[in-house]
Every structure is written in C-alpha cells, then in structure tokens.
Amino acid sequence: MTDPILNGKRVLVVARRVVRQLKRDRRTIGLITFLPIFLMILFGYALSGEMSGINLGIVDYGGQDDLKDHLASVDDFALLFLGSESDAERLIVEGRLHGAVVIGEEGDEVRVLLDGSSPQITNSIMAEVRAGLTSGETPEGAVGGGADGSGMAEVGIKKYGAVGGYGASGVSGGSGGFEGSPEIVKRYIYGYDLEMMDSVGPAVLGLVVFFFTFITAAISFLRERTQGSLEKFMVSPLSRPEMVAGYLLGFSLFALLQSATTFLVVVFVFDVPMNGSPLTAFATILLLGAGALVLGAFLSNFAKTEYQVVQFIPMVILPQVVLSGVWWPLESIPAFIRPISRILPLTYSSDALRAVMLKGAGISDILVPDLVFLVGFFVIVFGAATLMLKREVG
Amino acid sequence: MKDGENSAQNLAPNSALNSSPVSFEDYSIVAQGLQKSFGKLRVLSDLSVKIPRGTTYCLLGPNGSGKTTFIRAVAGLLHLDGGDLSVLGMPISEARMVRPRIGYMTQHRALYPDLTLQENMEFYAGLYGIEGRRMAERISELLDMVDLAEHADRITGDLSGGMYQRLSLACTLIHEPDLLLLDEPTVGIDPVLREAFWRFFDDLAEGGATILITTHLMDEADRCRIVGYMRAGRMLAEGSPEELKRLAGLRPILKLSVKEPEASASSLAAVGFDARVTEGELYVAIEEHRQIKEVLDLVEPLDLRLIEPTLGDAFLRLAEGSR
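As they're listed, the protein sequences go chains A and B. The opening position of the first sequence corresponds to residue 1 in this note's numbering, with each subsequent residue numbered one higher. The opening position of the second sequence corresponds to residue 1001 in this note's numbering, with each subsequent residue numbered one higher.
The shape of chain B in the complex, shown without the other chains (with noise of 0.2 Å):
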C-alpha cells in the first residue's frame, strides 16, 4: 500500500496539463478526504481528487474500487460519512443548486422501455424545462449525433444494447450539462461509433464542459487527458496517461534484428542505452521517440520495432507495486 500512496502523492496532480497557476473556481471537482462506508465495507477511504473544468477525467480501477461510489457521491445521491466535496463550485450539500448542470449517465437500464426514443427524449427535455421548437431541434441534434435518427419512432425496450447505450447518452446530453457524469458509456458500443464518442467527448471538453467516466477499458482511459487510478476506495495514481506510464517505470522500446546483436548491445551500452540480448533478438530502451535515430546510427537492423508500453502495463506494474 506504502508506494501506491507515495507515487500518488508524488505526482502532482495534473501537473503536466495545467502548466499556468490555477485557482479554485478552475476545478468542476474538489474531493478531499471523502470517506464512504457501507456496514463495516470502507468504499470510499480518505479519497481526494481534482478534477478542472474543461478536461477528460477518467477513472480506472478494478470492480469494487469505489467508481461509481465516488459518482454517485458528485451527483449528491450519497451521504458521505467525511471528507469535504464541492461540485461546480457548490458544497455537495447544495447539491439542488447544480443539478440542472449535472448529466448522469448511470449503469442502469434508466429509460422507459414501452416509451419510443422520441418520447424518452421528450421527457427528460421536460424536466430540465427545454420545451418547443428548441425542444424538437436539440432532440433530432442528438439523435443525429448518436446515429439513431431514423429509429425515433421505435420502443426504446426493443434497442439492442449498444443502441440503448447511444439514446441513454443523448438523453444525458440533452440539457447541454457542464458536468457529465458518465458511469460506463461506452459498454456494449462498437469500436467505430466509440471513436466517434470520444471525439465528441474531447468536443464538450474543448467547448468547457467536464467529463468524468468510469471504465475499466484501458484503451478508453488513454484517451483521457487525465487518468485516475483508484483501487480500494482510495486515489492510487493519478496524471496523463504517459506520466502514469513514465511513473511505472515503463519506457518505448526498440526491438531490432541484427547480424551482431552480442555486439551491438555492448556499442549501445558504452553510450549510455540500456540494451539487452534475448533469444537471438536486440532489445533497447528508449526515453524520448527521438532516441531512435541515436541508436539508429549506432547498429543496422534487418528489421525493426517500436513496441509503445501500454497504461495496461503501467497499471499492472502499479498494482504490483501496491501491494
């Protein structure tokens, strides 16, 4: 546990993306200290976390680890047991105030299912008083967005389940929410229209809002600009995903194919690289991409390979670590 709470500790948070000095009101989120027990289970244990205004924030961590404990929390459905938490700049106990910018995308199977997608919209436009004309033009905006237009008319309990996933998105959105709470989106959503999310997301991003997302997709979380690592109800790391990646020791490294790789390795080695022989094949590691032309004038590969560590590997090794 010690070196998961000191790697976390050690990386200030966000350090990277935020080069200026910012002030408080540039936060969407501030955690500190939250605590969350269910009976004698500790889901939430002396959790803080950041997050600013206008960025991707996603959370990654193992089943259990107090994700969506903590969502739940942002979204005012708990009651903490300590710890101070203020949402767009409200204390959570004035949570009524900034509802109407919040949008919650929950795991569940919220929409009506004997209702048709038109009308799952109509509704939550209502309850955020979007009505009329501005009504039908955001409706039919979202349901373009997530392909689904032309299926306006079907009952929604008929979807299959990466469609649902699309309508329970739009139906989040609907409101044009400043914070987006989003508890797993992208389940059950194929890799085209997913990339398709992602791009919108990294769009309300730039346009202001705040996303934070839960998912236990490392592929998902690279595309955040900042990644929290959560496991056991606490924060165990935390930065863009290649500070976490650099953070867990992982580094690119060039896999070559040379007649000599005995004696490249030690020409490599007399100049600094850390370079090793294993079966028959050249291993060397690299800290920047344009180390590669360095070591490029050193040997003469017959064939190479840039294998990139991936924020799966970087988690692993923190896990490890943890434990």
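The following block holds chain A by itself, in its conformation from the complex (with noise of 0.2 Å):
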C-alpha cells in the first residue's frame, strides 16, 4: 500500500486535466498568447523613440567643482550620478548613456569614457569637458593643444558578442593637456547602437510570462480551494506536491507557447539580437514561470475570492515592474531600496535573459546568481505552497 510522494501517473493526470481546462478557455488563451504581442508592441514603439538630450555620466571622486558646475549648467546634458566607472562602462555599452566623465581628486587625470558611435556627440562631450576645466583654471585654448587627440591614447572597447565575453576592460591610459591643468584621458567604448527595446526587450519578455502565470496559477489554486475539489483530492491518493507538479507541468506549456510568442515578436519585429542560445533563454523564461506559479499557489491562501487575487496585482507585480531593472538599471534604483531588487526573482531573470540575448552568454556565464537564485526561489516557494495546502485542512 505504500505509495511514493510523486506519483509520476498522478502529475500527468492532474497536468492533463489543467490543459484542457486552459484549452477550453478561449479568453485566457487569447490572453496569454495576444496580449503580450500588444504589449511588446506598445513598449517597443513606447521605447523607440530617440533621447533627446545628451545622457552623461558623471563619477565623482571628488574634485574638479568647476567642471561639475560647468557640464550640470549646460542645458543638452541630462547628468546621471554613478558609482563607479565600471557601471558607466557597462551604461555606455548598453546605449544608455552618451559618455561619461570620471572625475578624480583635485589634480587627478580626468578620464572621459565615450559612446564611439556617435561623432557629433562625441564631439560636444569633449568640448564641454575642455571648457568646464578651462574656465577654473587656465585662460582660452588652455587644452587646445592636444584637443585632435594627438596626446591622447584611445582605447577601445570592443562589443560583447564579438569577444563571447562581458565585462572586459580596455586599457586606458596616455595623457593629454597642458602642465598645470588636469590631464584627459579618452576612452572610447564601441557599444553598439543600443535602442532602448533591446535592453527592456529580453527582461519584460520574463515580466510577461511572471505576470501571466501568477495570476492564472493564483486563480486556478483559489478555485480549487473554494469549489471544494482541493478537499475532494485530501481524500484520494493524490498528495498535494503531485498536484502542485501537475501543474507546473501543464502550465508550463502555455508558459512555453507564451513566451515564444512574446520572443518573436522582440527578435523579429523590434530586432532585438538574439545572440545567446534560444534554448537557454527559453529554459531560463521556464524557471521564473515556475516560481511564479508556486507564488500563485501559496498567495491564493491569502484570498478569498478572485476579487482578492486581483489585489495582489499591486503587491507582487509592481514591486517587479519599478525594482527588478527592468525599465532602467539598477544602479539607478537609490542604495537603500536595492536589496528588495535582490530578491526578487525578475531582477535574476531580467539578467539572465539580457546576458543570453544581448551578450550571447550560456548557461554557465548566467549560473551564478541568475538561475541559482530562481532555483532557489522556486524550492522555497514551492515548499511554502505545499505546506500552506496542508495548513488549509482542519
């Protein structure tokens, strides 16, 4: 009579069950596979459009207040405060940003990390820069000098998908300007002309499907609370972690059918580059679907009607949408706030999928934290789901 936990059978019978019942539901189908077609589609045109102005970065080690008074009083420029030149690089190479200028402490080398791509931007950063040093210091044409970049070493960074990896740094060095002023060291980083789309393309790709599966999973677990059939299976040979894997399995195909629905609409139509393996992307798109249905499931004994789960909307989504990177980085998000991003499952799959679709990076480049956090999450949550099902009794 004894009976193994997870009765492979039993999750068949429970995932075939689930498909038919999604099968039949036209509206949800219909949502799960359109939907998210209309909302990249309105992100993407959303997105597109050009920056206007010019994004600089500033890293300031202190120093240089002239400068600093100079590039914030012009008014092209839309200054981005950084913490390190290592997140203005990664910025640049995204296309988020124009340039940077890394200040150092008084008498310090100034080091301007530019965006290759753009001349006439290029070209207006540095002349700013000049002017900003100048004007403390030394009277007119002071940097003249070496301005045509006869002094200066250019160094430059080449785009990840070339290299196969990420996060590789150029050599900076050689010196320019006159003695008494500051020296400018260009660098040039050669990101590719990065739109917007393609950094938020791949991580709503993961929103889309978080989204979608929570609130199906939320919804199917409370119904089957309240119609009485989560009782009906205390009493049959099924055990709740059968259950709960059954459906994993039979969402999981419309998880699948969903996001690559939501993937080609990015590649093809937004031309976002799919430089990794689809199959990693896909397998990582999986991983957070299945966190976010054991989320549904152990959320759904928190409510009591589906008016209810509706209201979890606001308190598992948003958090995601405004926190995880998506939209913006990280770094721009305050300090204080980041350790929420750091534990939410998007922030980790946002990652992995820009890694895999941006950078061409593979299951080992997106390992650690990525997908060992979503595992993680998916263990505990699952979990917290099973035992939540079992609390409901008596």
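Some hints could be false.
Said to hold, decoys possible - Straight-line C-alpha distance at most 30 Å; calculated DSS-like pairs for lysine-lysine:
1) A:K304 - A:K390
2) A:K9 - A:K23
3) A:K390 - B:K1050
4) B:K1040 - A:K304
5) B:K1040 - A:K390
The set of hints was computed from the structure by calculation and includes no laboratory data. Here the structure is a predicted model, which is why all the values come from computation and not from measurement.
Both chains are sitting in their own frames, so use the hints and assemble them into the complex.
Pasting the structure below:
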C-alpha cells in the first residue's frame, strides 16, 4: 500500500486536466498569446523614440567643482551620477549613456568615456569638458593643443558579442593637455547602438510570463480551494506535491507558448539581437514561470475571492516592474531600496535574459547568481505552497 | 439534555440489526468521544458512534449539529481535539493508508465546470490509477447508472442541479470505494431518480460497502438501516427507524368511523387497548400490526385508516424530550 510521494502518473493526470481546462478557456488562451504581442508592440514603440539631449554619466571622486558646475549648466546634458567607472562603461555599452566623465581628486586626471558610435555627441561632450576645465584654471585655449587626440590614447572596448565574454575592460592610458591643468584621458567604448528596446525587450519577456503565470495560477488554486475539489483531493491518493507538480507541467506548455510569441515579436519586430541560444533563454523563462506559479499557489491561500487575487497585482507585480531593472538599471535605484531588488526573481531573470540575448551568454555564464537564485526561489516557495495547502485542512 | 443522553445510551447500538455477536473488524467506523471546536464553538462534543460494515447509516440532525464535521473527520480532513477514531480498521492518523478506499462526495460543486462529464470522470479515474479499458468501461457503466450517458460530452458547468449531483455521485463511485461518505447526496434530485439511488445504495451495502449519508430529509433517513440523530455535536439517539419510532413512544394508530364510538371505546379499553374518541372518531393505538384483527373482532367500522408514525414525528418527540 505504500505509495511514492510523487507518482508520475498522477502528476500527468493533473497536468492533462489543467491543459484541457485552459484549452477550453478561449479568452485566457487569447490573453496568453496575443496580449504579450500587443504589450510588446506598445512598449516597443513607446521606447524606441530618440533620446532627447545627451545623457552623460558622472563618476565623482571629489575635486573639479568648476567642471561639474559647468557640465551641470549645459542645457543639452542630462547628468546621471554613478558609483563607479565600470557602471558607466556598462551603461555606455548598453546605449543608455552617450558618455561619462570620471573626475578624480583635485589634480588627478579626468577620464572621459565616450560612445564611439556618434561623433557629433562625442565632440560636444569633449568640448564642454574642456570648457569646464579651462574656465576655472587657465585662460582660453589651454587645452586646445591636445584637443585633436594626438596626445591621447584611445582605447577601444569591443562589444560583447564579438568577444564572447562581457565586462572586459580596455586598458586606459595616455595623456593630454597642458601642464597645470588636469590631464584628459579619452576612452572610446564601442557599444553597439543599442536602442532602449534592446535592453528592455529581454527583461519584458520575463515580466510578461511572470505576470500571466502568477495570475492564472493564483486564480486556479483559489478555485480548487473554494469549489471544494481541493478537499476531494485530500481524500484521494493525490498528494499535494503531485498536485502542484501537475500544475507546473500543464502550465509550462502555456508559458512556452506565451514566451514563444513574445520572443518572436521581440526578435523579429524590434530586431533585438539573439546572440545566445534560444534554448537557454526558454529554460530561464520556464524557471521564472515555475517560480511565478508556486508563488501564485502560495498566495492564493491568502485570498478568499478572485477579486482579492487581483489585489495581489500591485503587491507582487508592481514592485518587480519598478525595482527589478526591467526599464532602468538597478544602479539608478537608490541604494537603500536595492536589497529589495535582490530578492525579486525578475531581477535575476532580467539579468540572465539580457546576458543570453544581448551578450550571447551561455548557461554557465548566468548560473551564478541568476539561475541559482531562480532555482532557490522556486524550491523555497514550492515548499511553502505545499505546506500552506496542508495547513488549510482542519 | 439528560433525557436525550439517556435514550442514546439505553439503546444498544444496532442491537436489532446484528443479533449475532460482532467483532471489532465488523465496523467501518468506530468513533469514541470525539471532540472538536472551531474557536469557541463546540462542533463535536463527546461524539461516539460505531458504524458496521455493509450498512447504510444515516446521520440526521438540524443544521449545525455537526454532521458534516463528523464526515470530514472520517475523511481525515480534520484534526480532532480529542477522542479516538478509526476508519476501515486504521486509526485516523494513518488516514493516508485507507484513502484510496474512501469515496467522498462533498456538498460543494467540486467538479470542474469547464470540463465535459467524460473528462471529469476521466480525471477522477486517473487519480485512482484507473486507466485504459477498465476506465472506459467503468465510466460508461456509471454514467448509465446515473442516467447521464447521452450527456457525456456536455460541459459540466451547463448541467442542472440534479444532473450535477448525479455526476458528482458517479465521480465519487469511480474507484468502487469500500466506504462512501455522502454529504447530502440527493439534494436537487427528483423522486424517481432518488428511488433509484437508494436501490443502488442498498445494492452497494449488500455487496459489503459501508455508506454514511447525511440528510435532513426524514423520508430518506427512513430508508437507511441505521439512523443516528445528532444535535449540538452529540449523538442523541441511534437505531433502526422502527426502533427510533418506538423509542419516541410512537405507535401506529387505527382511525375508525363507528356508529357508537363511546361504546366501542369502552369495550376496547376493557381488553387493554388505548382507545379514545375525538370529534366523533375512534382512535386506537396498537403495538403491532396483527392487533388490527383483534380490534376488528370487537368493532365493525364503516371506515378505517391506519396512521403510521413517521420518523419525523419520532425526532420531533426526541428533540422535545432533549430540551
């Protein structure tokens, strides 16, 4: 009479039922497949507009107040203060910044990182940096001599895909400028011209799957409980893990369908590069979807009606939309909120999907911390969800 | 309260039904002193009951008397606060072992409204490991039995209340359970089909299955072999319907139209009958049906009617006594 906790046949029976139910629910099927397309197109066009003005990063280690004041006074510049030079580098690679100025202590060199892909912007950044330095120190034209780069080392950083790795940094060096005024070191970073959609698309792929899986799962499990079938299961040989596993299996078909449609729009309509293996991307999405499903199953225990499930959206989905780096980099989120970002599954899926699609990362590149976190999240919430189902009884 | 308790104790459980001595294994459910509270509300209060194998047992009682709570406890869905409960020979803590042998039909609409009847049946068959040809046979057999065969491909959510109830019963029976727990199973079912259900329940019991039913319909309770009357979480009275009627002091009554009722009444009273005249009619209480002949030997009625007591009368009487 002993029965394994996880009987594969019963899991399949549940999965088959879930698929049959969803298949018959035309509206949900439509929602699952077409809404993501609609959303992507909406996001895509909203985000593909040209950036207005020049986005310039400032990495400030103190000093050169005149330069900072000057740059802040330039109307065309939108300044973003960053913590480190590597952040600046990355943002330039991703196309979010046109350039960055790294200001050392008084008397140190000033490093200017530039996106090599748009010469006009590069020139205007350089001109303003020079103007800012000369205004406080030496009279007109002081930096002029080295202005055309003869005295400067230009170090290129190749784009990720070509090298197969990421985070590679070039060697900086070279000097320029007159004595008395700080040296200006110019570095070109050849990020490809990344539209915002390129960076947002992969992350939104995860967001869409997470959102729909979470909502559908939460409502399905709520129904099992309120309509009394959960109670019937408890008296049958079906175990709780089998039930949740059956749902996982059934839902993953739909999550795949959904990510496939979203994926096609992202790649073919918006030309977001797919440098890595689509299989790796799908595996990541499925892992994220599994986490969303068990989270929905878990939280459904705290709702009495479907209306209350809807109330979870602002609680569960919204923080992930805002804090997980889907739209803007984590670095631009205030440091004291960042710990929250670090416990959100979407933070890790966004990072992983970007790495796979844009940088061609493989499984081993995204294993730590992304996949490890997603697996851990799934396992913990799976446990919590099955325990909650147990607690419901009696 | 006192009277009720006494009457339950006075009546040895099932004494009339099992004249031969019974052993422990002959009971499907043995409950001893069950306690259960939800917060401050006491739902089961020292409930003891033994339900023999192969019988139809009816739990009767007003809403909130603890019938459903008891059924859920037997199904292993409750953590009891106290008492001993064994189901199919296993302590309830080992409920997992006997679960595959239990069929539980809840009061909820627990089937999937967006699946067809066939698909719902297939799902429950699958949970119990019934597959292939055996599944197909079993499903068509059960759908025939509940008279739903021609609706097999309809969507369950479109069924009427009675049809739904029939499907629910069919799903509960899919794995041929040894113990059937049916919480108000015949709600919304028309009298003809209800009759068919009961014949079927009798057949199942005949074949050795134990059927525990809750209902608040007296005429249904009358069809069970044993009836337990619950009130406020305890068993007030238990026995066969006939026993309960007798226990409540109810007897069949002969209503007679005679020419001289007063004279007939005194001649009947002279031989020991309880005879009274009300509004010109003669009423005679009898203990057994064969006494009718004795009465007719003494009087010559123009018209005659036998008034049988109902189980409802019995419970009204018992409930009054328990207050």
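Against the structure, the hints come out as follows:
For the suggested pair K304 of chain A and K390 of chain A, the alpha carbons sit about 17 Å apart, so the restraint of at most 30 Å is met. At most 30 Å may separate the alpha-carbon atoms for a hinted pair to count; K9 of chain A and K23 of chain A meet this at roughly 21 Å. Simply put, K390 of chain A and K1050 of chain B have alpha-carbon atoms about 28 Å apart, close enough for the 30 Å limit, and the pair holds. Taking the CA atoms of K1040 of chain B and K304 of chain A, the gap is near 22 Å; set against the 30 Å cutoff, the hint holds.
Restraint check: the Cα-Cα separation between K1040 of chain B and K390 of chain A comes to about 23 Å, which is no more than 30 Å; the hinted pair holds.
Going down the numbered hints, you'll see the structure goes against none, and every one checks out.
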